[in-house]
Amino acid sequence: MSPAIHHRAPEPSSLFAALGDPTRLALVRRLSAGGALSVTALTTGTRISRQAVTKHLGILARAGLVESERRGRERLWALAPGRIHDARRALEQISREWDDALERLRRLVER
Amino acid sequence: MPQTIPDRIEKKIVLRAPRSRVWRALTDAREFSEWFRVTLRGQFEPGKEISGQVTYPGYEHLTMTARVERMEPESLFSFRWHPAAIDPKVDYSAEPTTLVEFRLEDAPGGTLLTVTESGFQALPAARQGFAHEANSGGWEEQLRNIERHVASHPSPRA
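Chains as they are written, first to last, in the working numbering: chain Z, 1 to 111; chain C, 1001 to 1158.
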């Protein structure tokens, strides 16, 4: 067993907490179609206020799931993929380390 | 673990040794140190912290610290620790821990050992292994999995 997770994010906030909300999940879904969207575009067709969308985007951004860029007078939001992928990979690494450790345990108790 | 981020890791292994032998390998700090690759000082005791130098090649500069939770002879041994506490300059003590549990059961020809490590969900993003790198895609599938996952495990921090 050895420590596995190497990367440090600027702010400690849980990915799961960020995604554990239907509105935020809907925003991520919408952005996962590809391309960058403004708050106005993300609000259109929903019953959620601009303020609420902005607040939820902020939470997703702090969890590193989305990022924004200013284009002219607008701020455009897009997915920052890689987070989920990396989290899964880190756990796979921990999982492999358990396998190795248990194999060493086997050699110890079966000898 | 395909396409999902679980909160727990579970491992099952049948060891060709009696439960008493496996129990000793788990709960005798000297024996634990041998297979876990650490040099623990002192003994495991419920409610007590134990720590030692990691001996895993490449990680020898690190200290492993665990707080023992339960010790039910030949049945359950558990402790909490900070997984992946890999930066010696960082104080991890305020961060959530994961729970490691070893369960022993009789199995034909030996002992069934079930190891679970749980609590990954509560870890801050920094410990969830995030590097900002390009992803080849697969978002839709991942989102479906996460959706199912968070629906069945609502996060208290949501």
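A couple of the hints might just be wrong.
Unchecked claim - From the structure, some residues in chain Z lie toward chain C, with a derived Cβ separation under 7 Å:
#  : residue
1  : 23
2  : 39
3  : 48
4  : 98
5  : 101
6  : 105
7  : 106
8  : 108
9  : 110
10 : 111
To be clear, the hints were calculated from the coordinates, so they are not data collected in a lab.
We put the beta carbon where it would ideally sit given N, CA and C, even for glycine.
Problem - Hint numbers contradicted by this structure - result: 1, 2, 3, 10
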